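A.B. asks: Going down the list, the protein sequences come from chains U and H.
Each residue of the first sequence is one higher than the last, beginning at 2 in my numbering.
Each residue of the second sequence is one higher than the last, beginning at 65 in my numbering.
Simulated from the structure, these hints should not be mistaken for lab results.
Because the structure is a prediction, the values reported are computed rather than measured.
Note that beta-carbon positions come from the ideal geometry of N, C-alpha and C, so glycine has one too.
A portion of the hints provided could be inaccurate.
Claimed, not checked - No more than 16 Å apart at the CA atoms, straight line, and that leaves these computed lysine to aspartate or glutamate pairs for EDC-like:
1) U:K404 <-> H:E729
2) U:K263 <-> H:E578
3) H:K225 <-> U:D146
4) H:K189 <-> U:D21
5) U:K60 <-> H:E578
6) U:K263 <-> H:E216
7) U:K263 <-> H:D141
8) H:K610 <-> U:D103
Unchecked claim - Some, not all, of what chain U presents toward chain H, calculated at C-beta under 7 Å:
9) Q9
10) N119
11) D250
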Amino acid sequence: MSLKLLRQGLGGRPPRMWHDRPLKDHYDVVIIGGGAHGLACAYYLAADHGITNVAVIDKSYIGAGGSGRNTAIIRSNYLTPEGVQFYDASVKLYEGLAQELDFNVMFSQRGHLTLAHNDSSVRTMRRRAEVNKLQGVDSRLVYPDELARICPQLDLSDHPRFPIQAALYHPPGGIIRHDAVVWGYARGADQRGVDIHQYTEVTGIDVANGAVTGVRTTRGNVSAGIVLSATAGWASNVAAMVDLPLPLDTFPLQACVTEPLKPILDVVVVSGSLHVYVSQSDRGELVMGASIDPFTSYSVGGSLDFLEGLAGHVLELFPFLSKARILRQWAGLCEMPPDFSPLMGITPVDNFLIDAGWGTYGFKASPICGKTMAELIATRQTPALLRPFRLSRFAEYDQVGEKGAASVGH
Amino acid sequence: MSGRRLPAQTGESLDRGQPLEFRFDGHSYQGFAGDTVASALTAAGVNVVSRSFKYHRPRGLLCCAGHCPNCLVQIGDEPSVRSCKRALEAGMDVQPQNAWPSLDNDLLSLTEAASRFMPVGFYYKTFHRPRLLWPAFEHVLRNAAGLGVIDENTPEGDYDKQYLHADVVVVGGGPAGVSAAVAAVDEGARVLLIDENPELGGHLRYSRPDAVAHARIVDGQQRLLQSGGTILNDTAVVGWYEDHWLSAVRGNRLFKIRAGAVVVASGAFETPSVFAGNDHPGIMLGTAVQRLLHLYGVVPGHRAVVVTANDTGWAVAADLLAAGVNVAAVADERPQLPVGTDIEALQAAGVTLLPGSTIAAARGKSGVEEVTLVAVDGSSGSHVVRCDFVALSTTWVPSAELAYMAGARSCYDDELAEMRLDNLPDGLFLAGRVAGPCSAEQEWLQGARAGAAAAGNTDDLPIAASQDVQATARSSALVAAPDVGGDKRFVCLCEDVTDVDIETAIAEGFDRIELLKRYSTVGMGPCQGRMCGLNGIRLCAQGTGKSVQDTGRTTGRPPVTPVALGVLAGQKMEPVQLSAVHDWHVDQGARMMVAGLWMRPEHYGDAAAEVRAMRQTVGLIDVSPLGKLQLTGPGVAAMLERLYVNNWQDLRRGRVRYGIMCNDEGVVLDDGVCARLSDEQWYVSTTSTGASGALEWMEWWRQSGWGDGVHITDLTETHAAFNLAGPQSRALLQTQTDRDLSNDRFPYMRARRADVAGVPCLLLRIGFTGELGYEIHCPAGYGRYLWQRLIDAGADFGLRPFGVEAQRVLRLEKAHFIVGQDTDALTDPISADAAWAVHLDKDCDFLGRRALTRIATDGPRQRLVGFRTGRRADSLLEGLQIVQSDDRGKPQIIGWVSSCRFSPTLQETIGLCWLPAALAERSEATFHIHVDGRLEPARVHHGPFYDAEGARLRG
C-alpha cells in the first residue's frame, strides 16, 4: 500500500496530474501531438536536459490517437540490427518506467510468440532469433513440443488449415497499460513545467528563410525555437504545413476486445500468416488485432470484414474461443513507410523535426524515441540510435528493412 | 415456491403446461417454457444473480432487456450469457460468475472492506515499488478480474452467414417500426423488418394490454407479409458500417445486410439513477418490472416502492397494484402529482404518494429491505419505507447506438433531460421513441412517414411529438439524488464506479469525457455504457462546470451488443488449392507441405535420391502452382517493358526470356519467364507464392493507363504445369509427341505448342534445375491424364517424380535465387547478382529505374553470393547470421545465410548468403557463420556450383 493511497483513503484529495494553462507567446520547443511520443519527448527534455519551456499541443485529449488505440504490445524481436538495438533500448526503459514516473504502467513481461505456419516463416523467425541473440535480446525459435508448454491453449494439431510449425519466442515481450504510459509521462512533464494544451489544434506552421519560427493554433499563435511533429497517422498533413513531402501512406488499423474473461491466455500470440494477434489484458479482455486495412484511408469507423476475418483466424489458433464475445472494435491510423521503419530526426526545414512513420509499431518505441529525440533537440546532435532512421535514408538508398518483423500490425 | 408467479396474464409468453427443470448455483429450480432464465430465477425467489466486478457485491436483475451486466451468468461452456434474454431450456446448468466459493458467500466480497484504499485508478499508484512486487500483485489482480470462464473443450460449433438485401430495413418491431415497414412496402419497396424479440409489438408486449394497438400490430404484420416483406424475429442488429452495411445476429447466424435506406425504430430504454446503495438486488427499472409482470407473470417481490419522474412510473405502479402487489409508496420528482386513472387507483388503494420526492438511499443485506425517500429540493424530512423491491422509472435514453455509428450526432435536450439525435446521414430515418417521447398515435404516424420517406417518397415531413406528450415523458434532470450518506452510489455497475470515483478522477485532471472513461473505466464494461452513459456525462458536466452538451459523449463503437467469435467467423472457409495431380501425390505417399494456398509434395520419401535421379536420368515435378498469365493485345510488349527490368520489345516469336519485376524502389517483387507466342500473345509465368500478388500488380498498372490494348487472363488455376527435366527428358517426351524436339528445331529458351499424349500443350524449354528440361503447360482437366502418361512412359527411362525439396537443392546447385527466400523487402536485382537482367538503357521508363540507376552507379552495399563449405555441415541453417569480430572481439553481424543445403551432387554443403559487397566480390574469401555461439567457416563462391557453363541446359 502506497502512502499516497493511504492518505487518499483517509480523506486526502489526490493532486491534479496536469493543468490547463494559458498558451504562452513563445516556447523553446513546441511538440505537436500529445500522445506517448510527444509527451515522452517533453518529459525527457525537462527531466534529462532541463528544458522546460516546452508546449505539447494536441487537437484532442492526450492519448487520443495511436497511443490510446494500439494494442499495448511491447517487444524488441525485430529483424535488422538497427531495429533490434532501438527497440531493445525501448524495452529497457519500459522495464523501469513505473519507477521512473512513479506511476504503475503495468508492464507485464508475459512473453511473446510469433507463430510460423510454413517453412518460409520458420526461416524468417530463425533469422530474427539469430539477429536478436547477437544483439543480446532474449529470443529463440521454439518447436511444437516446447510451444505446448509455453502456450498449451494453442491448437498444435495438424487440423488447422495452416498447422503451426514453430514460433519465435521472446520472453521479455509483453503488454502494458497504454493509457497509463501517456498519463505517466504527462504528469511527469507537467510537474517539471511543461505546458500541455489539449483540444488545441495546430492550423499552420510559420517558416522564414527555410527555418520554422512558430505555429498557429486554434487558440492563438506561438513562436517556437523548435517544432517537433509527433503526430502518428497525420504526420503527412503536418509536414505539408511546411511543404515537406514524407514517404508515407496512411492506413487504418483495426482492433477489438472481448468481454472480460477469467485468465485463459498468458503469453502474447502473433501469427503473421493468419494476420492476427491475441493477448489477454489484466482486466480479462482478449485484445485482438490484424494487419492494416488494404487501402489508404483516414477513416477510423472500422469494418465488419475485419471482425469476420479476425474471428476466423483467432479460432484457427484457439478453436475453443468460439463462444467468447466481441465487446467493441475500433481503429487507429498508421502511416506506413516503404521499409517499415520509422522516420525520426531533422528535416530539410531547419528547426522542424519529425517523429513519424510509425506504422504499426510506434507505441512500443515511445520511451526511447522520446528520450533520443529530446537528446537531439538538446544537443543538436543526432544520437547514434536514431541515425539509421533519418529521413534522408530514402534519398541515400539506405533503408532499414523491417517488413519481415513488422508487417503484422501490433 | 416464492409466491411470485401470478395467475396467467394476457399476452404472456409462457406455456404453463410445460414445466422445465434447471439448475442454478447448485440448486434445482423449475420454470416454464417461454420463461427466460432470469424470469424463471425471479419466479423461484432468487434475488442475487451475479457478483460485481470489483467489490463482488451481490447483484440482481436490473433492466431485463439485455443491456445491463447484472444478469450475466455462465451457462455450460458459454460465458456471460444475458440471462434475461436467454430462453429457458430443460436441464440447463446455470452458474453464477465471479463468485467463490458460492454466490451467497463470496469471499472476494471482503475486498470492499478495503475499498477506501482502492480509489479510482488505485492500481496506477501502487504495486510498482520495488519493481519485483508488480508481477506478484498482477497475478492476484488478473485472477480477480474477468467474469466468465472459457472452457478449453468448447467445440467450435456450427455457425453460418447469410447475405440479405433490402430497399428499406426497419430496425425495431414496435408500433413505429411495424408502421414504417407497412408504409415502405406500400410504396413498393423490398422491406426487411428486424426485431430482437420473439414477437413483434415492442413496448406493447410488456405494457398494459391494449387491444386496439395490438390489433394494429397483427394487421401490420399480415399486410407486410402479404406484400412480400420479410420479418426477422429474435434478431439483433449489432453494427452499422459504411454504405448502409448492417450486421445482425440471430442465434448462430450472422446476417450481412445491404440496405437502401434504414428506419431506426429501436425505441428507448431506462437507466438507473444515482443514490446510495442503488445496486442492491431488487432495485430494478420500471420497464424490467413490467416485462416480468406481463411477459412472464412474475413479480420480483411483494412490497414495492416506485420512483419516477414522469408518467411511466405511474403505469408501473398501477400495474403492480392490479397484480395484487403491495405498493408501499410512489415518489415522483415532479412537484405536482399528475392526474389520471392510474393515480386515482393508487390513491384509492391508500398508497403513499410523494410528489417532489425521489429515492436517496437503499439498504438491505442480500437485497433491498428499506429505502429512504426524500424531497428533491431537500426541503422536508425523509420517509424510510420498507419494501423488497424498487421500480425506477426516472430516466430515458434513446436506443441510438446504430444511429451514432451511422454518423448521427447527439444533442442534449435540457427541457426533456434526454439525448436527442441530429445530423442524420442520408438514408437514415428515425421513428418512434428513439426520436423522442411520443404518443401511441404519433409513433404510428411517425413510423408511416419514415417508412414512406425511406422508400423514396420524400413528400412527407416527420411528425414531431406534441408538447403535452413531452411534458409527461421527460426524464429526471437530477445528476444524483440528495446525498444522505450511507452506502456507495454507483454510476457504472459493470465496473463498480461510484460518483466519488468520478469526482476524484475529474479532480486529478481527467476532466474530458474520453479521459474520464479511460481512467475511471466508467462505461468500459459489458454494457458499454448503456446503463451509465448519461449519468457519467452529467457527473462530468457537473464536475467541470460545463453543460451536458459541451461535455459530449464517448464514441459509440460496434457491436451494439457483444457478438460471439463463432458467429463472426461463420463456417470456416479457408480455401485449399489443389493441383490436378494432388491425389496421385498423396497415393504415392508424398509428404505434402503448405505453399501459400496450395498443397505441394515436399518429397516422395527421399529427396536426395530424387535429386540424383533427375541429374542422372529424368525427373518430373508438378509445378502447377506457378502463376500463369496470358497477356494479349498490341500493347503487351510495351507494358512488360515498363513492369519488368528486362527488354521485351526485341523478344522474337517462339522465344522465352527470364524476367524480373521490381517496384518503384527497385525492390524485386517477382520473377519468372515470359514467352512470346505470337506478336500480340504472351504467356507469362510468375512465382508460385507470388502469383496472386503479381497479377494484382500487373492489373493495377494495366488499369492505371499502362495497359492500353492489353488483356490479362489468369490461367493459374485452369492450367496444370509439369517440369520434365534431366538428360533423358527429351527422349522420354519424344515418345509422347510428334513435334520434333531435336535441339535444332526446339532449342533452349524456346516455346512451342505441341500435342503431348494427345493433349494440347505449351512447352517451354527452360531449366530452373540446370538440366535439359521442358515445362509442360496444359489445361488442368488433362493434367492428371498427362501426368500418368509421362509417369508410365518414364518407366523405361528411369524417371522419378521429385518434390519441392529436391527442386530447392537442384536450383541451389545452379545458384538461382528464390524471390522471398533469398530476397527480402529491400532487395534489388543488382545486389542479388542479377544485374545482367537489368537494362537501364531501355528506351522507355520502367518501374525501379531511378533506384536501380543509383544502385548501379554507387554499387551495392550488400551482395547475394554463393558459398561452399567443402564438407557436410548440417548445422548450417537458413537464417543464420554471418559475423565478424569487432575491435573488442564482439561478433558483429555482417550478413546472413538465405539458402543452404547439402548437395548430393557435389557432396558438400552449399548455399547463398548476403555479404558486404567488398567481401562478396572476393572469390574464395573465407567468412564465418554464427551457429549456437560457434563460428563455422565458409568460402565465397561465384556463379553456379554445377555446370557453370550451362552446357547441360543447352545440349
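A.B. asks: So, for every hint listed, does it hold in this structure?
C.D. replies: Evaluation of the provided hints:
no., hint, result
1, U:K404 <-> H:E729, "14 Å, holds"
2, U:K263 <-> H:E578, "27 Å, violated"
3, H:K225 <-> U:D146, "36 Å, violated"
4, H:K189 <-> U:D21, "22 Å, violated"
5, U:K60 <-> H:E578, "14 Å, holds"
6, U:K263 <-> H:E216, "12 Å, holds"
7, U:K263 <-> H:D141, "13 Å, holds"
8, H:K610 <-> U:D103, "31 Å, violated"
9, Q9, "5 Å, holds"
10, N119, "5 Å, holds"
11, D250, "13 Å, violated"
Checked against the numbered hints given earlier, the structure breaks hints 2, 3, 4, 8 and 11 and satisfies all the rest.
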